[in-house]
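Student: Turn these sequences into a full structure, and let the hints steer you where they fit.
2 protein chains.
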Amino acid sequence: QLNLRRIQLNRWIACFLIGICTALAGIVIDILVHTSADFKFHYILQTLVDRCDNGEAIAGGGCMWLVQLAWMAYNCSMVFLAACLVIFWSPIAAGSGIPQIKCFLNGIHIPEVVGLKTLVVKVFGVSAAVAGGLCAGKEGPMIHSGGAIGAGISQGKLHKKLDPGFFKEFRNDREKRDFVSAGAAAGVAAAFGSPIGGVLFAIEEGASFWNQALTWRMFFSAMISSFTLNATLTYYFKQGGLLSWNGLANFGVFEDKSYTIWEIPLFLMVGVIGGCTGALFNSLNYRISEFRKKFVSNKWQRLVEALLVAAVSAFTGFVTLFVVDDCVPLGLGMNRTEGLNRLYCKKGEYSAVANLFFANPEESVKSLFHSPIGSFKPTTLLIFAIEYFVLSVWTFGLAVPSGVFIPALLTGAAWGRLFGLGVEWLFPNVAGIDPGKYALMGAAAQLGGVVRMTISLTAIILEATKDMTFGLPIMLVLMIAKWVGDFFSEGLYDLCIELSEVPLLGWNAPKMARNITASKVMRSDLVAMEKRVRVGRVVEILAATSHHAFPLVDRIDESDTSRLPDYGRLEGYILRTQLVALLKKRAFVGEGEEGLMGEMMSEQDFIDVDLREEKVEMGAADEMAMMDLAPYMHSHPHRVPLNASLPFIYRLFRGLGLRYLMVVNEDNRLRGIITRKDVARFKNTKGFALRELFISDHQF
Amino acid sequence: QLNLRRIQLNRWIACFLIGICTALAGIVIDILVHTSADFKFHYILQTLVDRCDNGEAIAGGGCMWLVQLAWMAYNCSMVFLAACLVIFWSPIAAGSGIPQIKCFLNGIHIPEVVGLKTLVVKVFGVSAAVAGGLCAGKEGPMIHSGGAIGAGISQGKLHKKLDPGFFKEFRNDREKRDFVSAGAAAGVAAAFGSPIGGVLFAIEEGASFWNQALTWRMFFSAMISSFTLNATLTYYFKQGGLLSWNGLANFGVFEDKSYTIWEIPLFLMVGVIGGCTGALFNSLNYRISEFRKKFVSNKWQRLVEALLVAAVSAFTGFVTLFVVDDCVPLGLGMNRTEGLNRLYCKKGEYSAVANLFFANPEESVKSLFHSPIGSFKPTTLLIFAIEYFVLSVWTFGLAVPSGVFIPALLTGAAWGRLFGLGVEWLFPNVAGIDPGKYALMGAAAQLGGVVRMTISLTAIILEATKDMTFGLPIMLVLMIAKWVGDFFSEGLYDLCIELSEVPLLGWNAPKMARNITASKVMRSDLVAMEKRVRVGRVVEILAATSHHAFPLVDRIDESDTSRLPDYGRLEGYILRTQLVALLKKRAFVGEGEEGLMGEMMSEQDFIDVDLREEKVEMGAADEMAMMDLAPYMHSHPHRVPLNASLPFIYRLFRGLGLRYLMVVNEDNRLRGIITRKDVARFKNTKGFALRELFISDHQF
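Chains A and B supply the protein sequences, listed in that same order. Going by this note's numbering, the first sequence opens with residue 1, and the numbers climb by one from there. Going by this note's numbering, the second sequence opens with residue 1, and the numbers climb by one from there.
No lab work stands behind these hints, which were simulated from the structure alone. Think of the CB as a built atom: it goes at the ideal place given N, C-alpha and C, for glycine as much as any other residue. One or more hints might be untrue.
Said to hold, decoys possible - Below 35 Å or equal to it, Euclidean Cα-Cα: the simulated DSBU-like pairs (lysine-lysine) are:
1. K176(A) x K117(B)
2. K677(A) x K176(B)
3. K117(A) x K293(A)
As the list claims (entries may be wrong) - Stretches of chain A that chain B covers, calculated by requiring three or more beta carbons in the stretch to come under 8 Å of a beta carbon on chain B:
4. 43-51
5. 218-232
6. 645-651
Said to hold, decoys possible - Some chain B residues judged to face chain A by a derived CB distance under 7 Å, without partners named:
7. F16
8. I20
9. I196
10. W216
11. M475
12. R555
13. P565
14. H634
15. H636
16. P641
17. N643
18. G655
19. Y660
20. E666
Tutor: Set out below in structure tokens:
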């Protein structure tokens with residue numbers, strides 16, 4: 001009893017720490033990015049432009065090239081840093097990290113995905129990538145970092161060499177998964193200032209099954225994280241009243257809050273466009289990823305590609321600045337790119353293009369949402385949307401930590417605002433058409449079309465704009481975008497997962513799968529043991545297989561008809577870790593001896609077995625000894641009969657979060673085993689026909 | 001394929017209709033309450049007071065008594081109406097309805113709980129009860145109405161005689177349950193203007209298992225409902241810009257939005273108080289309910305009790321108005337009780353007491369939240385809080401539809417504001433202490449202490465106040481209130497469910513249940529059949545039992561050791577509805593005949609069997625005929641071995657939403673069956689010791 005209370009309390013303490021640490025990671029990222037931007041603008045740019053003005057450099061165009069070269073060099077060096085960290089230290093930290101977290105929460109163990117190394121690379125890598133001017137968001141990596149922090153704290157260690165021994169009671173897969181979901185929620189809360197959205201995200205994208213107490217703890221982590229981030233950043237940037245900061249990506253409050261019913265069809269059109277462009281994004285990115293997998297496999301090639309993208313991104317910005325002449329009087333919108341404006345605009349004006357291309361992307365989104373009419377020319381918006389779209393398609397999947405949220409929002413905000421200008425042009429006499437409103441809808445539509453999240457994305461956008469008024473239209477836009485997008489392709493994260501060939505189980509069993517039975521799904525070449533087993537055989541099996549668990553049966557006979565043995569009744573199963581622990585503790589007796597099989601082991605002895613390290617060697621005498629597994633086995637594994645249908649099996653895996661399922665015949669004799677991978681092989685294709693996938697051999 | 005798409009589309013259409021209709025129910029309730037209040041104030045009160053002023057009635061105190069009598073008579077007649085509807089027409093419509101919806105979503109069928117009659121009584125009953133001045137909220141009944149609408153629309157009929165035949169594909173328990181949860185979400189959205197809170201409510205209190213697509217549809221219903229309500233009520237009351245209305249219970253926006261870190265301990269204290277008073281509320285109400293169950297069982301007694309409470313409520317208000325002298329200058333707070341003020345206050349002043357007791361409760365909550373300092377005297381608040389607490393304890397559980405949300409919020413807001421005044425008195429030099437802030441925390445704490453909801457309640461309060469700033473403190477307050485409350489008693493709804501002896505399954509298996517095995521949980525006096533069975537035996541079994549499904553085994557032998565037969569291997573199961581349909585279609589052949597067992601039936605033939613109507617009568621010749629059940633049976637029921645532990649069984653029931661589970665021995669021979677009721681018998685008591693409950697025989 002007391003113990004149960006203590007564990008309960010520890011869970012809350014762990015969640016508190018997860019919230020705090022995730023916020024700290026967010027703070028580090030934000031301050032690094034901010035400092036780098038300051039450095040870039042004030043020291044490099046300002047200084048150079050000043051020198052240009054003073055005529056020290058070559059006159060005219062030449063000076064511009066100098067600025068541009070310095071800018072590109074700085075960006076490339078930052079991206080070089082990020083790419084080196086990823087390529088040479090922690091390849092799993094590449095990309096957004098949301099697909100990896102999704103897989104982890106779905107019950108699939110990918111090595112190192114929530115390790116300390118990944119966390120460090122993620123935090124510093126994403127800071128460098130964003131500072132390097134890539135079309136990359138820091139939100140996805142924030143969420144991944146949150147997950148890694150959740151795992152690290154709950155396990156009481158981030159690395160096997162640093163083990164102070166806290167929270168030993170949480171060292172099992174189930175608890176770890178719960179804390180990772182709390183960390184992911186905290187990550188969303190820190191990234192967008194949206195704790196409710198964070199919880200919904202963790203539930204929607206992650207947790208296979210819903211649990212009230214877990215959700216409440218996730219919410220606690222998310223709230224603490226969002227609060228800590230607000231308090232600290234408010235203090236750091238000395239911005240007005242306490243606690244007024246709101247997450248890293250804060251889209252500002254809309255002043256003009258109303259919309260009328262006749263605007264809803266227009267919003268739906270925005271949704272359709274977002275679904276199409278989102279699907280286009282996904283399929284282009286999928287093609288590029290496939291290409292990359294084949295032709296850019298080498299480490300150096302990947303590094304060069306990252307540098308190339310950095311250079312092209314910077315170059316594109318400058319070329320656009322040069323070609324598009326969009327100078328706007330100061331004071332009309334926000335201006336955060338002082339140095340650059342002076343290059344191309346008269347005094348008292350600033351360059352709208354520079355404002356879009358060179359400012360912090362979150363600020364660009366804000367200025368697209370809130371700038372008054374006339375701040376951006378239609379051509380600027382069009383060119384920017386197309387260029388940013390192409391660049392972000394190319395960027396996502398590079399060997400740097402980079403998210404897709406902010407690029408998608410920014411692209412969408414640009415074409416959404418363009419759409420809004422179009423609406424205004426068509427209906428010049430109707431008051432109340434604010435292009436910012438359409439920018440918001442466009443941003444939602446583009447992001448929804450790319451990631452295909454539903455309720456959590458709505459909550460995130462609502463919380464980030466701090467207003468419920470646009471709830472209905474945003475929901476409708478996201479819904480339409482998802483429908484339209486689903487018509488063409490899967491969501492970006494699902495495509496990533498498909499590319500990496502991980503056996504993720506979706507929400508529902510594939511349709512038309514009713515005729516597939518357990519006997520077709522299972523693998524019958526399984527390795528089972530009897531309850532009393534020779535040590536030699538155990539050692540042999542452990543060496544020969546990498547299975548995670550072994551069924552125990554009452555007898556094993558030679559089969560008449562097949563080369564596989566004929567297994568008897570299923571009695572239970574035993575884990576690999578248990579076998580290793582038993583062997584290490586020498587819980588067996590020599591041949592012929594009777595009585596108790598060595599010392600009884602307690603549950604405590606079975607945790608903390610690190611399978612990677614354990615090589616069990618036995619002497620010849622020991623090999624003949626007998627072990628009794630009966631006291632340690634799990635005596636009632638989940639089982640299904642041979643004629644169970646695939647949807648039935650699917651529901652068991654999803655609903656209970658299983659890793660394997662025994663298949664027995666009508667006499668309860670073991671006939672096969674079904675793993676998650678066996679179930680995940682069956683997938684729907686477009687026309688509802690069933691497809692069998694070949695899935696790579698991740699160990700799980 | 002086409003069919004699948006059509007069903008998918010129909011689901012969305014049904015959800016759209018659910019949203020619209022739930023909003024309409026909310027609109028009807030609101031307009032009825034509003035009209036009644038208008039009538040009461042303007043026609044009864046104003047007229048009488050005018051006549052008093054004109055000296056037509058007996059002078060002074062006598063006139064007051066006349067007003068009071070008229071007021072009480074009106075209230076009592078309204079409550080009489082509500083109570084008659086409930087007592088004589090639809091007893092299930094009494095109370096808040098949330099426990100019933102919770103049970104329904106948990107998988108328990110209570111007859112009539114989502115029927116048309118219940119809906120009508122709920123909508124008009126709650127309007128009358130609130131109009132009758134009871135300490136009752138309309139929010140719980142709104143949620144129940146939403147659920148009933150969800151069921152009615154998805155089944156394409158609200159009543160068996162009105163069946164246009166829509167949505168036939170949804171006529172099964174699972175789909176119905178999904179739509180009821182969508183309706184409940186829509187109900188919350190309409191009641192509080194909080195669609196996200198509604199979805200979270202449906203998930204937290206209801207849905208046994210999480211499903212992304214379902215959640216998205218729930219959200220759609222909730223959004224549509226909230227939008228429709230806003231649009232219609234804004235139009236009806238002609239209040240400013242379009243869509244500015246926000247749910248029935250809208251708590252207004254806080255102007256003074258900040259709080260400082262040193263206030264958090266104070267908020268936590270509020271949480272502790274709320275937990276205590278909430279637990280007190282629950283245990284007092286539990287006592288009263290037990291008393292009622294024993295001594296107020298008669299219909300007329302229940303009617304009299306309802307009238308008594310109505311009279312006492314009105315009387316208490318007047319007495320307090322008379323005793324407590326709290327006249328406040330006009331313009332300081334809100335004033336909506338013109339007529340009454342004139343009785344007790346000078347010109348240019350109004351009575352703060354009247355404002356609390358006689359205004360619409362939602363308005364009272366708002367004025368406690370937002371009125372400036374000095375609007376209420378501490379004594380007024382104290383007396384009001386105590387009186388309202390007592391009255392609402394007495395009211396909840398009366399034979400009228402009445403919720404507990406608003407009474408709890410109002411009580412909490414009153415003592416919270418008192419607490420705020422206390423804080424201000426203690427720290428007179430600190431700026432920024434707004435008693436309204438503490439009123440909000442008090443309201444949250446009281447409600448949290450009573451209902452013990454977590455994340456959904458946070459979301460509801462945040463959305464109803466339209467501000468995220470107080471997110472962290474509200475969450476902390478609710479958390480503390482729940483912890484403290486759980487220390488003393490269960491949540492109010494759980495107590496209601498316990499009183500009604502319904503076998504609800506909680507989130508987790510009871511602790512200390514690992515040693516209880518399936519052989520202890522199961523009932524072995526089950527009725528099974530062979531696959532080829534005599535018609536006579538089927539008729540006999542259908543008449544003798546009320547089971548919902550029957551296991552099929554390969555043989556049934558006499559047992560040597562027990563009076564129960566010895567069943568053979570489990571082969572499948574068949575539903576009662578299927579048996580009835582087979583008998584009605586005469587899907588059997590006479591004795592001795594061979595070949596196909598009559599006509600094959602399709603799935604379509606098995607829906608729409610109404611068990612209440614079907615009395616199957618067979619001739620003597622038919623009784624000897626044989627039926628073959630093999631083509632129709634479900635061939636792989638969920639099964640567990642005899643040694644499966646209770647937590648294991650619990651997880652199966654919860655995770656998969658099962659109704660029954662077969663228990664087999666190691667040869668796969670049927671040994672018993674476990675129903676939801678058998679699992680629900682085992683409950684935790686305080687000290688973690690396990691308790692076996694006796695559960696009444698609801699049919700399910």
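Student: Next step is simple, just say for each hint if it's right about the structure.
Tutor: The hints, checked one at a time:
| no. | hint | verdict |
| --- | --- | --- |
| 1 | K176(A) x K117(B) | violated (49 Å) |
| 2 | K677(A) x K176(B) | holds (33 Å) |
| 3 | K117(A) x K293(A) | holds (24 Å) |
| 4 | 43-51 | violated (count 0) |
| 5 | 218-232 | holds (count 7) |
| 6 | 645-651 | holds (count 3) |
| 7 | F16 | violated (11 Å) |
| 8 | I20 | violated (13 Å) |
| 9 | I196 | holds (6 Å) |
| 10 | W216 | holds (4 Å) |
| 11 | M475 | holds (5 Å) |
| 12 | R555 | violated (13 Å) |
| 13 | P565 | violated (19 Å) |
| 14 | H634 | violated (9 Å) |
| 15 | H636 | holds (4 Å) |
| 16 | P641 | holds (5 Å) |
| 17 | N643 | holds (5 Å) |
| 18 | G655 | holds (4 Å) |
| 19 | Y660 | violated (15 Å) |
| 20 | E666 | holds (6 Å) |
Hints 1, 4, 7, 8, 12, 13, 14 and 19 from the earlier list are contradicted by this structure; the remaining hints agree with it.
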